[in-house]
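Peer 1: Put together the whole structure using the sequences plus the hints.
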Amino acid sequence: GAVVSQHPSWVICKSGTSVKIECRSLDFQATTMFWYRQFPKQSLMLMATSNEGSKATYEQGVEKDKFLINHASLTLSTLTVTSAHPEDSSFYICSAREGTDTQYFGPGTRLTVL
Amino acid sequence: QKEVEQDPGPLSVPEGAIVSLNCTYSNSAFQYFMWYRQYSRKGPELLMYTYSSGNKEDGRFTAQVDKSSKYISLFIRDSQPSDSATYLCAMSYGNNRLAFGKGNQVVVIP
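Line by line, the protein sequences give chains A and B.
The first sequence maps to residues 1 to 114 in this note's numbering.
The second sequence maps to residues 1 to 110 in this note's numbering.
What the hints contain is simulated information worked out from the structure, not anything from laboratory work.
Using N, Cα and C, we set each Cβ at its ideal position, and we do this for glycine too.
A hint or two may mislead.
[Stated by the list, open to error] Restraint ranges, calculated between C-beta atoms of paired labels, are given here:
id : chain 1 : residue 1 : chain 2 : residue 2 : range
1  : A       : 3         : B       : 50        : 21 to 27 Å
2  : B       : 40        : A       : 74        : 40 to 46 Å
3  : A       : 114       : B       : 57        : 47 to 53 Å
4  : A       : 74        : B       : 69        : 37 to 43 Å
5  : A       : 42        : B       : 66        : 23 to 29 Å
6  : B       : 80        : A       : 29        : 31 to 37 Å
7  : B       : 70        : A       : 40        : 27 to 33 Å
8  : B       : 7         : A       : 61        : 21 to 27 Å
9  : A       : 74        : B       : 94        : 20 to 26 Å
10 : B       : 66        : A       : 29        : 33 to 39 Å
[Claimed, not checked] Calculated lysine-lysine pairs in the DSSO-like style (CA-CA distance at most 30 Å, straight line):
id : chain 1 : residue 1 : chain 2 : residue 2
11 : B       : 70        : B       : 42
12 : A       : 41        : B       : 67
13 : A       : 64        : A       : 14
14 : A       : 55        : A       : 14
15 : A       : 64        : A       : 20
16 : B       : 56        : B       : 70
17 : A       : 66        : A       : 55
18 : A       : 64        : B       : 102
19 : B       : 42        : A       : 66
20 : B       : 102       : B       : 56
21 : B       : 102       : A       : 66
22 : A       : 20        : B       : 42
23 : A       : 66        : A       : 20
24 : B       : 70        : A       : 41
25 : A       : 20        : B       : 102
26 : B       : 42        : A       : 64
27 : A       : 55        : B       : 56
28 : B       : 42        : A       : 41
29 : A       : 55        : B       : 70
30 : A       : 41        : A       : 14
31 : A       : 20        : A       : 41
32 : A       : 66        : A       : 41
33 : A       : 55        : B       : 42
34 : A       : 14        : B       : 42
35 : A       : 66        : A       : 14
Peer 2: Set out below in structure tokens:
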């Protein structure tokens, strides 16, 4: 199947700093990528849909100024958590859409904000 | 996001048993139905994908969809310890977005 990578796999930062997470589709081009957040023992919650060359579409309740998404190429989308706070600590997972419906997920990035 | 109900209670079965998982939903707009497997601290891995009512088999896995009852199931035959993971149901809606269930943690005991 298609491979999606994320970098970094984990990050620890101080409160108030910004963190950038990369999502790459390694062997296919993805016009659409998705960003999810998963708290312990909870389901994946969709944060935003990232479309190559256009602005991301955010789900209700997700602050677009706090979670900046850039999808500059068909194989790369980035999520920047700006001015991170401890409540932003979570597991962030991206997925990339291949073809019409199948989404392939990255391995996730664990963010811990101190 | 649209709501998907999945009883998150852990499930322990002996090796070789059949694992039965299910999800219910209320929104008729869901178009495609998927099952993902997620190991601890890893991203979800697509197991099964279907869009019509009925059964779909892939090796030891069978996905079942009943659109009239808004109910989907996943069966794992001859379960193995390596099947121990969290299983998430997911359903697609507008613009290929996915709504996930909470996931079932499955433990297969050797």
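Peer 1: Of all the hints numbered above, which does this structure not satisfy? Sort the numbers upward.
Peer 2: Failing hints, ascending: 2, 27, 29.
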